[in-house]
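Engineer: Sequence:
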Amino acid sequence: MEIENKKKIYVDFDGCIVNTIAAICSLYNEDFKYYKDFEPVKWWEINTWNFEECNCATTEYINTYFNQQRFFDKLTYMDWAKETLDELKDDYEITIVSSGYSPNLKAKEIWINENLSYCKFIGVNLKEHEDKSHIFMGDGIFVDDSSKNLITSNALINICFGDKYSWNEDWTGFRCNNWNDIKKFLKGDEGVN
Numbered sequence: 001m002e003i004e005n006k007k008k009i010y011v012d013f014d015g016c017i018v019n020t021i022a023a024i025c026s027l028y029n030e031d032f033k034y035y036k037d038f039e040p041v042k043w044w045e046i047n048t049w050n051f052e053e054c055n056c057a058t059t060e061y062i063n064t065y066f067n068q069q070r071f072f073d074k075l076t077y078m079d080w081a082k083e084t085l086d087e088l089k090d091d092y093e094i095t096i097v098s099s100g101y102s103p104n105l106k107a108k109e110i111w112i113n114e115n116l117s118y119c120k121f122i123g124v125n126l127k128e129h130e131d132k133s134h135i136f137m138g139d140g141i142f143v144d145d146s147s148k149n150l151i152t153s154n155a156l157i158n159i160c161f162g163d164k165y166s167w168n169e170d171w172t173g174f175r176c177n178n179w180n181d182i183k184k185f186l187k188g189d190e191g192v193n
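Each residue of the sequence shown is one higher than the last, beginning at 1 in the working numbering.
One thing to keep in mind: the hints can contain errors.
The calculated lysine to any residue pairs, modelled on SDA-like cross-linking and capped at a C-alpha distance of 25 Å, are [what the hints assert, rightly or not]:
hint: 1; residue 1: 183; residue 2: 112
hint: 2; residue 1: 120; residue 2: 69
hint: 3; residue 1: 8; residue 2: 123
hint: 4; residue 1: 164; residue 2: 66
hint: 5; residue 1: 33; residue 2: 69
hint: 6; residue 1: 7; residue 2: 127
hint: 7; residue 1: 148; residue 2: 173
hint: 8; residue 1: 74; residue 2: 91
hint: 9; residue 1: 8; residue 2: 112
hint: 10; residue 1: 7; residue 2: 109
hint: 11; residue 1: 183; residue 2: 50
hint: 12; residue 1: 148; residue 2: 172
hint: 13; residue 1: 120; residue 2: 185
hint: 14; residue 1: 184; residue 2: 174
hint: 15; residue 1: 89; residue 2: 109
hint: 16; residue 1: 7; residue 2: 22
hint: 17; residue 1: 164; residue 2: 151
hint: 18; residue 1: 127; residue 2: 112
hint: 19; residue 1: 187; residue 2: 166
hint: 20; residue 1: 7; residue 2: 83
hint: 21; residue 1: 89; residue 2: 32
hint: 22; residue 1: 120; residue 2: 187
hint: 23; residue 1: 106; residue 2: 73
hint: 24; residue 1: 7; residue 2: 113
hint: 25; residue 1: 42; residue 2: 177
hint: 26; residue 1: 164; residue 2: 50
What follows is a set of in silico ranges between Cβ atoms, one per label pair, in the way DEER data are often shown [said to hold, decoys possible]:
hint: 27; residue 1: 37; residue 2: 87; range: 19 to 25 Å
hint: 28; residue 1: 139; residue 2: 106; range: 24 to 30 Å
hint: 29; residue 1: 33; residue 2: 5; range: 23 to 29 Å
hint: 30; residue 1: 138; residue 2: 69; range: 34 to 40 Å
hint: 31; residue 1: 36; residue 2: 173; range: 40 to 46 Å
hint: 32; residue 1: 136; residue 2: 34; range: 47 to 53 Å
hint: 33; residue 1: 43; residue 2: 120; range: 24 to 30 Å
hint: 34; residue 1: 151; residue 2: 77; range: 48 to 54 Å
hint: 35; residue 1: 126; residue 2: 70; range: 33 to 39 Å
hint: 36; residue 1: 76; residue 2: 101; range: 33 to 39 Å
hint: 37; residue 1: 164; residue 2: 136; range: 27 to 33 Å
hint: 38; residue 1: 35; residue 2: 87; range: 40 to 46 Å
Rather than coming from a laboratory, the hints here were simulated on the basis of the structure. Cβ atoms here follow ideal geometry from the backbone N, Cα and C, with glycine treated the same way.
Based on the provided sequences and hints, a complete structural model is requested.
Structural biologist: Right, dumping it as structure tokens:
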């Protein structure tokens with residue numbers, strides 16, 4: 001019997017492993033291109049949690065995208081996410097901790113099983129929890145792009161992932177801009193702001 005003694009890392013899904021914003025913008029641009037006030041929205045122009053830049057759609061309409069198969073069909077990895085996770089799996093037990101509603105969480109679980117089968121998955125139902133503080137992460141490192149989740153986490157180390165947005169600009173702790181920075185940080189090299 002092999003005894004594993006791997007370090008642990010907990011990683012958010014949306015905005016950390018996959019470019020959720022790009023998928024949402026793509027769906028919005030498809031659905032609203034013939035509307036009178038439509039202007040195409042580029043994913044890097046988004047800076048609001050509720051996609052207010054997608055002005056032809058209501059927040060409720062945007063939220064329906066998260067429960068659709070075509071959203072998952074459009075998902076692409078953040079730069080170097082897949083390659084880095086593939087490399088880290090030898091030394092780390094990787095758990096993806098992601099928030100959503102039941103249909104979204106079920107679809108994420110299927111996507112993760114098909115694409116990142118070596119990762120564990122913990123779904124956080126937004127009907128029951130407003131953040132991820134009830135998930136024990138005190139034995140590892142937590143990577144998320146939302147300062148709300150990082151502030152309430154009990155992880156040994158919390159790392160804010162990616163660019164500064166309205167939902168994380170108040171974060172004053174560790175920040176890694178991309179997966180190369182994450183890899184460098186975990187190997188003890190530079191790469192954290």
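Engineer: Decide, hint by hint, whether the structure agrees.
Structural biologist: A quick look at each hint next to the structure:
no.	hint	result
1	183 / 112	holds, 21 Å
2	120 / 69	holds, 21 Å
3	8 / 123	holds, 17 Å
4	164 / 66	holds, 22 Å
5	33 / 69	holds, 20 Å
6	7 / 127	violated, 31 Å
7	148 / 173	holds, 12 Å
8	74 / 91	violated, 30 Å
9	8 / 112	holds, 18 Å
10	7 / 109	holds, 22 Å
11	183 / 50	violated, 30 Å
12	148 / 172	holds, 12 Å
13	120 / 185	holds, 22 Å
14	184 / 174	holds, 13 Å
15	89 / 109	holds, 18 Å
16	7 / 22	violated, 31 Å
17	164 / 151	holds, 16 Å
18	127 / 112	holds, 22 Å
19	187 / 166	violated, 29 Å
20	7 / 83	holds, 18 Å
21	89 / 32	violated, 40 Å
22	120 / 187	holds, 22 Å
23	106 / 73	holds, 15 Å
24	7 / 113	holds, 21 Å
25	42 / 177	holds, 19 Å
26	164 / 50	holds, 16 Å
27	37 / 87: 19 to 25 Å	violated, 45 Å
28	139 / 106: 24 to 30 Å	holds, 27 Å
29	33 / 5: 23 to 29 Å	violated, 53 Å
30	138 / 69: 34 to 40 Å	holds, 36 Å
31	36 / 173: 40 to 46 Å	holds, 44 Å
32	136 / 34: 47 to 53 Å	holds, 49 Å
33	43 / 120: 24 to 30 Å	holds, 28 Å
34	151 / 77: 48 to 54 Å	violated, 26 Å
35	126 / 70: 33 to 39 Å	violated, 21 Å
36	76 / 101: 33 to 39 Å	violated, 22 Å
37	164 / 136: 27 to 33 Å	holds, 28 Å
38	35 / 87: 40 to 46 Å	holds, 44 Å
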